[in-house]
Amino acid sequence: MAKQIIFTYEKTDYTLEVSREAIKRFEKNGFNINDLGAKVLNSMETLFHLSLYKNHPFIKEKQASQMLEAVGVGHDNPLEVQLELVKELVEMYQEALNTLSTTKKATWKAMN
Amino acid sequence: MEGDELIGDTHSINDEGGSDYVTAPLSYTEVLDKACPIFMNYGMSYNDYWKGDVEMAVFYAEAHRLRTQAELENHNFKSWLLGIYFDKATQNLGQIILNAFSKRPKKNLKSVFPKEPFDLAESRKPQAPLTKEAEAERMEAIFSLWGGTKQ
Numbered sequence: 040m041a042k043q044i045i046f047t048y049e050k051t052d053y054t055l056e057v058s059r060e061a062i063k064r065f066e067k068n069g070f071n072i073n074d075l076g077a078k079v080l081n082s083m084e085t086l087f088h089l090s091l092y093k094n095h096p097f098i099k100e101k102q103a104s105q106m107l108e109a110v111g112v113g114h115d116n117p118l119e120v121q122l123e124l125v126k127e128l129v130e131m132y133q134e135a136l137n138t139l140s141t142t143k144k145a146t147w148k149a150m151n
Numbered sequence: 003m004e005g006d007e008l009i010g011d012t013h014s015i016n017d018e019g020g021s022d023y024v025t026a027p028l029s030y031t032e033v034l035d036k037a038c039p040i041f042m043n044y045g046m047s048y049n050d051y052w053k054g055d056v057e058m059a060v061f062y063a064e065a066h067r068l069r070t071q072a073e074l075e076n077h078n079f080k081s082w083l084l085g086i087y088f089d090k091a092t093q094n095l096g097q098i099i100l101n102a103f104s105k106r107p108k109k110n111l112k113s114v115f116p117k118e119p120f121d122l123a124e125s126r127k128p129q130a131p132l133t134k135e136a137e138a139e140r141m142e143a144i145f146s147l148w149g150g151t152k153q
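Residue numbers (the working numbering), protein chains in the order written: chain A, 40 to 151; chain B, 3 to 153.
Same shape as in the complex, but just chain A (with noise of 0.2 Å):
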């Protein structure tokens, strides 16, 4: 199973998952997964619209950005809450073009 997060708000669950169907609905109409260096928080706030896209494709913009504002709400830097799960979003955006090549995973370690 690819990842996926469950995501709460007001009492009702929410899992965010990304299918290809989504990225390339989103990107069509222009977002594009570089830009989130420069423009964080549109890119933020677009990206996990896509997340909910393949379980919740009837939940709209606005509402997707008032559930990722109510990240973090409550902490001394809600953004940096934010952004955590954004680096997990990341990961499962990627994963959906990891997952087409088969070549075997090297890893790495930086020594002292």
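Below, a list of computed lysine-lysine pairs in the BS3-like style, where the Cα atoms sit at most 30 Å apart:
#1 36/B <-> 63/A
#2 105/B <-> 90/B
#3 36/B <-> 78/A
#4 53/B <-> 78/A
#5 36/B <-> 126/A
#6 63/A <-> 53/B
#7 53/B <-> 42/A
#8 53/B <-> 99/A
#9 67/A <-> 53/B
#10 53/B <-> 126/A
#11 36/B <-> 67/A
#12 36/B <-> 42/A
#13 101/A <-> 53/B
Honestly, the hints are just simulated from the structure, not real lab data. Just so you know, these numbers come straight off a predicted model, no measurement behind them.
Since chain A is already given, all that's left is putting chain B on it; use the hints.
Chain B only, in chain A's frame:
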């Protein structure tokens, strides 16, 4: 494997009609579009590819690899078997040709090509009936399992 070539494929055609390597990588959509028919060839459905669990592709690719390997081994075995038949058929061929030009040809020389194909599934052969001793041993083993006659 075909899928390995997809990522980082930056090949394009230049103005002069020749091919060039450009720096702009393919977008995710382009890579996904390119990979779709490859994975459909592996037996993955269109819906599974686009809407299903992304990890499914890994298993389809692995299944394809195993299938290809099994086909290759099967083909190799068939070729080897053909070689054996051919070898059998041509065992006396040299002698037969020599006989044609010989003043004193050897008699009873003929092709030794097997009249029937080799029985590759020997397990299908009916088993020979057990001898009396073997039958007695078998019965003794059965009785001993029931806590039988042996001390």
